[in-house]
Amino acid sequence: MAPLMHVLSFDGLYDMLRKAMEDRPVISPTERKDQPGFYHFAKLERAEDFAADYVTTTLPPKNSFFQPSETLFTFTLEQPPQLQLVSDTEHFVLAGVHPCDLSGLEALDLAYSQPPAEVRWPSDRKLATVVGIDCKPDDYCFCSSLGTSFNREGCDLFLTKVGRGYLAEVYTSAGEDLLTKVRKWEPAEEDLSDAEQWRREKIERMSAHLDAEVGEIADILEAGGLSHIWKAVAERCYSCGSCNTTCPACFCFNTYDEFDLSLKHGVRRRTWDSCQLLEFALVAGRHNFRQERWQRVRHRWHRKFLYLYRRLGRAYCTGCGRCSRACTADINMVDVTNRIVAHAGKGAEHD
Amino acid sequence: MTISPKPKVAFFDFACCEGCQLTVLQLDETLLELLDHVDVVTWREVMTGESESYDIAFCEGSITRERDVERIKHIRETAGILVTLGSCAGIGCHNAVRNIWPSEELLEDVYGSRTVVSDIIPARPITAVVPVDYQVLGCPISLFEFVTVFKHILTGKKYYLPNQPVCVECKLNDYLCVYEKGMICLGPVTRCGCNAICTSLGDACHGCRGLIDNANLNAMVKVLEDMPKLHPIMDRVARNHRLTREQIRRKLAVYNSWPELKLEEGAAHGE
Amino acid sequence: MTDRPVKVPNHLSNVFYRPALAQVLRVDQLTKVEKLLAVRLGTGEALGHEPGQFVQLSVFGYGEAPISICSSPTRRDAFELCVREVGTVSAAIHDLCPGDWIGLRGPYGRGFPVVEMEGKDLLIVAGGIGVAPLRSLINYVRDNRQLYGRVIIVYGAKNPAAVLFKDDIELWSQDGSLELFVTVDTPDETWTGKSGVVTSIIRNLDLNSPSSLHAIVVGPPVMYKFVAMELFHHGMTADRIVFSLERRFKCGIGKCGHCQVNDLYVCRDGPVFRYSELLGRSEAIEVWAPEEDK
Amino acid sequence: MVNDAKFRVHHLTRVEGHGDIVAEIRNGRLEDVRFSVVEAPRFFERFLQGQNYDEVVHVAPRICGICSVSHKSAALKATEAAFSVEVSEQTRLLRLLAFNGEVIGSHILHAYFLALPDFFDAPSVLPLVQTHKDAILRGMRLKRLGYDICEVVAGRHTHPVGMIVGGFTFFHSEANLIALRERIVRGLEDMKETVKLYKSIAIPQFERETEYVSLTHPSRYPFYEGEVHSSESGTISVADYSKAIREYVVPHSTAKHAKWNRPEYMVGALARVNNNFNLLSPAAQQAARDLGLEAPCHNPFKITPAQVVESLHCLEDSVDLIDKILSTGLNAVDEAAEVRRRPGVGVGAVEAPRGILFHEYGYDADGTCTSANHVIPTAQNLANLEADMREYVPQIVHGTEDYLIHQLEMLVRSYDPCISCSTHLVRVTTR
Ligand SMILES: Cc1cc2nc3c(=O)[nH]c(=O)nc-3n(C[C@H](O)[C@H](O)[C@H](O)COP(=O)(O)OP(=O)(O)OC[C@H]3O[C@@H](n4cnc5c(N)ncnc54)[C@H](O)[C@@H]3O)c2cc1C
Ligand code: SF4
Ligand code: SF4
Ligand code: SF4
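Chains as they are written, first to last, in my numbering: chain A, 1 to 351; chain B, 352 to 622; chain C, 623 to 916; chain D, 917 to 1347.
I should point out that these hints are in silico values taken from the structure, not numbers from a laboratory.
Treat each hint with caution, since some may be false.
Under the rule of at most 30 Å between Cα atoms (straight-line distance), these lysine-lysine pairs were calculated in the DSS-like manner [said to hold, decoys possible]:
no., chain 1, residue 1, chain 2, residue 2
1, B, LYS359, A, LYS264
2, C, LYS654, B, LYS509
3, C, LYS657, A, LYS264
Assemble the whole structure, with the sequences as input and the hints as a guide.
Here it is, written out as C-alpha cells:
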C-alpha cells in the first residue's frame, strides 16, 4: 500500500527540524567543521546545518544507538556491589538517513533480536524517530546490487527532493507527528514524477555493481577454493579494521572494566570491535583461531555474504561503500567480490 | 585487592627529553588523587632526596651508555614493579635512529678528538635490557594510558598494550582520515592507545607508539608506491608526497629503529 | 542432540549485560593454578543449568569470563566453578575469598546431550581443565546412573600435581559402575597410576559395542583432532563424538562475534558440538598455537 | 666555615636533565668549581639528516619536553626561511600566542614547583601541597593555563602536533579563543598574587656583571621574533648568529660551552628583561620594579623573579593577541600556506623560556635535510654559571658545608637549566 504523502517546501524541511529541535535533539548529517566537504552524523545545532545532499558519512548512523564506546553499567566495590544500569532514555530524531543505512539499522535489529535477544539496542531504537532521505550515488555506492536502493524499512518518514521541496512519505504516526504545524501540500502529479525521476537517476548513475546475486555469492563462497584471492587481498591489507568500524551492518563488540581514580567504583564499557584485528579471536594460551591475515579477510566476506545470509536470510552488506572508501589500502568490496565471482565463473577447482 | 600499605614510587630518567615526566605533572589534580594511593620517594625532576628502596619504579628514556645498563639493572633488582614511560623507554624512539652510524664517528662529529663520553653504545629501549612489568608508550606518553596503567598497577591487573592500529581510534572517534586531506599517515601500522591525538588535530600519525605486532609493512610500501592507482583521494596524496621506498623506510625508522627496521618483515598474510 | 531454543532462566536473562549478583561460599585450592569455587546466587535460587553449560562470571573492575559449571545440576544448594589462572579475570577470581560477591550471567549455551544419550554407553575424555565441565556430566550421570549404560572415563593431566578433583576421583574410582583411567604425561616417583597421553589409553580400550557408544571430549584445542582419530579407529562416527570448544566470549549470547567458528557461534550454538557439525568448518579444530604448544 | 672540602652534588634535583656540581675548597680557598653536564648525548643533528622536512619539524621538538613549542617554532622558522614560505598574519599571531603559553607554563613550573621549595626549606613541592595549599593550587592553575593556551593553539603542550610548516593542521575556533581569553583575564589575578608572593621572598644578594644576550625587536617584547642583541656589542641579524657565537668543548661536560665578546654570557629571562625592559607591558614593568628588578640587574638569583615578570607580560600580551585575531575575524578555513620545496639553508631564532635558541637546517630540492645545527640556551649559560659560582663561593664559604652546597644548588637552579636540551649544542657538518 502506498504510504500517505505530503510535499514540504525547502523551508518547510527546516521548519520541521526546528520544531523537532524544540523538544528533543536531532541527529543528522552535517558538514564537518574540521574539513568542509565531508560529513558526519552529529547533533544538529541549527536547522540550516542539515546537509540534505550529502553523499556519505565516515561512520554510519548506527552510532546513535550503539556508541563506538559506551558504558553498560557502573559498579561499586561494596559487598554486595551496587550495579547501576547506564542507558539512554532521551527521545531523539535521527534525520537524513539514506535507504542503505536504513537497511543497516534493520540488519542490526535482526541480529540483536536473535534469542537470547539483547535489550540495549532495541530499547535505544525505540527512542528514535527516523527520517530517511533519498540520495545520489558516488563511485563507491553499489546499493542496487543489494536491493537496498529503495528501502524504506525502519523509517518513520522518508523524504525525496522534488522541484518545489521534498516529497514526504509517512510510514508511522511518529513520522506524521513531525509534520504537524508544518506547512505542507498535497502531492501533485509533478511531485510524484520528480521523485520517480530522482530514483531513476539514482540507479542510472550507479557505476559499481556486484556481478552476481547475493545468493550466488553465498554459494560461491561456500564452495571455497578461493584462498589465493584471500591471500592476494591480505598482501595489502593492514588489518586495521576500518572496513568493519565504518560498516552499518557490522555489530561485533568488546567489553572491559575500568576503575575510577578512587579505585572503589568503576564502569563496564563496551566498544566496537573488528574481526580484522589480530587479537579478535585470541584465547588463553595465546591460541589464535584466525592468526593469519587471509583467514581474517575470508572471514569478513564469509560473514557478510554467507554465514549471516544463511542464518538470518539477508546479506550483512547494504552496498553503502563505506568500507571501500575507508580502506587506505584500496581494498574494494565490489572489486574483490567480483574477482571471486569471476573466478567461480572460470570453473574453479575446490581446495 | 590493592597493594598495601602504600607502595613507594620512584621516577627515574635516562636519555630522553623528559617530556614524559612533564606530561605526568600535567595531570595536576588527577595526579594528586593518584598520589593518594602511593608515596613518592624519588623524583629527581621534582624533588630533592632519594630513597634506596621503592616498590614501583617509573623509568623514562633510552639506554645509551654502558653505565645506563648498570643503573637500570640495579633499578630492576630494587623495584618490585618496573614501568617504562614513553617510547624512548619502550621502543627506543628516535634515539635509536643514530644506531646506523658507529658511536666513534658520532662522538668525533660532536666533540672532536676530546673524549667527553666514552661508553656510548647503540641506543636501545629499557625493554631491550631488562624485563618490564608495565609499559606506557607515546612521545610523549598518553596521559590516558598512564592513568590506566597506574590503576592497573594499584589493582594488580596486567596491562596489555593495545595491539590495534591507530585507525581503530580514528574511527571510534569519528575523525576524518587524513589521507582524505592528502597526507601520509602511519596510523595503519602504528599501535594505538593515544586516542588518535595527532589525527584528531588534523596531523598525520608519525608512528610514535611503534609498530603493532604483525604490522603489514609490505602493504605500506606497496600502497604508498602505487598511490596514483588507488582511490581518487590518493591523487592528492600522490601529488604532495611521492615517496620512494627508501623515504618510506626512513619515515618508518623515525620511531622504529630498534631493532633495525627491515621492510621485508611483517609478513604479508601473517604467517 | 535436539536443537531446542536456549533456555534462559528468567532471573538471569539480563541482556542489558548487567549481571546478577552471587556470593562465593567456599574456595579450595586444587592445584597450583586452579581453584574451585562454590557459589550461590544472591536470590538463593538454584542456577538451573545443564551439564556443559557455562556462566559469564564477572569480578567487577576486572571483567567477565566464561566459566563452565562443574557441579551437577542435581546438587541444587550451590554450584561450583573450577578456574585456572591465566589472565586478568581468572587472576581476580583467584583472589576471591568466601563471602565475596561476584556477578553472573547465564547459564548460557548448549550443554551435553544428556537426554539423547540416555540408554547409551558413554566414553568421557578429559584433558587438563577440560575435566571441569565433564565433572558436572559425570556426577549428573552418577546421580542418574540407571539412565546410562557403560561409562568409561579417561582423564589426562600434565603431571600428578596437575590432577584436578582428587576427591571426586577417589569417589569415582570406588564406584564400581564406572571405568576410570587417570593418566599423566610426565609421572613422578609418587605416581602409581597410568602415564602417557589420553590417546594411548583410548587406543587400548576395549569398546565392544562402539555403535551404542557416545564419546564426550573436552580438552585443549590441540587435543581434539588426535582423539577423534583414535575414536575413528574404534569405528565411531562423527555424529556420536561430542566436543566442547573454547573461544573468546564477550557476550555469551551470540552477539559480540568473538567466538565465531565459521558460521557458528560457540557461545550460543555450543559450546558443545557434535564432531559432525564441525567437519568442514575450517576454523573449528585447526588452530594456530604458539611454538611451545606444538 | 668550610676549610677543606671536595664535594659533588650528584644529579642535581629539580632541574630538567642530569648535571653535577663539583667543587673543591682548600684552606678556605676555592680551588675549583664546575657544573658538569652528564646527560647522555642524543645526536639529533646527526639523525635529522636524511629526513624529509616534515619529519624534521616533527622530531626537533623532541629535543626537550619542557620547551618543545620553542623548538618547534625555531624549527618551523628555519625551515620556512629555507623554503621562503610566508605564513599568514593569523598564523603568526597564533604562533605568538602559543609561545606565550609555553613561556607561562615553563616559568610557572619553575617559579612554583622547582624553585619555590628552596625558599620554604622544603625538599620538594609535595610537602608544600599540605603547608601552602593555596599557593600550590594557584601555581597549578597558572601552569595549566599556560599549557591550555598551547593546547588551544597548537593541539597539545608537549610536542605540539598542530603546528606545521606553513601554518596549522587544524582550524581554530572563535569560541575556544573567547573562552581562553576569559580564563586568561581571570589568570591575571593569580599572576598578581604570584608577584606578591615573590615580593615576600628574600632573594640572596649577589651581583656579578656579565654580557647579556637575547633577541630584541623594535616593537614587541621578543619571544618569537627579533634580531640578536648583546648588551656588549649591540644587534646583529639572526642569519649572522654563527659568526658571533662561538661554541667549544670542555672536558667535564657533555654540553658545549659558548662565548661571544666576553669569555661567557648570560641568556634567559634576566638577559631578556635587561635588554628589553621598555618593551614589557606597563604592568610587567611595575612588577619588575616591585621585585627589585631595574634593568640592568646583575643578580643571577633574580632570574626567577624575572620569569614571574615575563609571565605577567605574556598573560597580558595573550589577551591583546586574541583581541587582535578576533578583531579581523578568525579565518577558520585555510590556515596552511603552500610549501614549495627547494634547496636552501634557513636559520630560526626564538627566545625559549631559558633563553635564545637557534635552529639551522639545510635542505635539498626534495626537502630532505642535509645539515642541522641547534644552539641551546642552557649550554650558552654554562660558562656564565660557572663564573658566577667561582665568584659566589668565596662570599659564602664562611657558612657550613651544607649551607654552601645548598646555596650553590640554588644558584644553579635559579638558572632553570634545561640540561636535556643542552647536550644538543653540537654542530655537524655533512660530508
Ligand atoms: C565455554 C567456555 C568454558 C570455559 N570454562 C572454563 C573453566 O571452567 N575454567 C577455566 O579456568 N577456564 C574456562 N574457560 C576459559 C576461560 O574463559 C578463559 O581462560 C578466560 O576467559 C581467560 O580470561 P582472563 O581474563 O583470565 O584472561 P585474559 O586476560 O583474557 O588472558 C587470556 C590469555 O590471553 C592472553 N592475552 C589476553 N589479552 C592479550 C593481549 N591483549 N595481548 C596478548 N595476550 C593477551 C594472556 O596472556 C592469556 O594467556 C572457558 C572458556 C569457554 C569458552
Ligand atoms: S580497511 Fe582495508 S586495510 Fe583495513 S582491515 Fe579493512 S580491508 Fe584491511
Ligand atoms: S560491507 Fe562495506 S559496502 Fe557493505 S554495508 Fe558494510 S561498509 Fe557498506
Ligand atoms: S588518519 Fe591515519 S590512523 Fe586515522 S584512519 Fe586514517 S590512516 Fe588510519
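Status of the hints after comparison with the structure:
For the hint pairing LYS359(B) with LYS264(A), the CA-to-CA distance comes to about 21 Å; that is within 30 Å, so the pair holds. Annotation: proposed proximity of LYS654(C) to LYS509(B) holds, straight-line Cα distance about 19 Å (limit 30 Å). Under the criterion of a C-alpha separation no larger than 30 Å, the hint pairing LYS657(C) with LYS264(A) is consistent with the structure, at around 26 Å.
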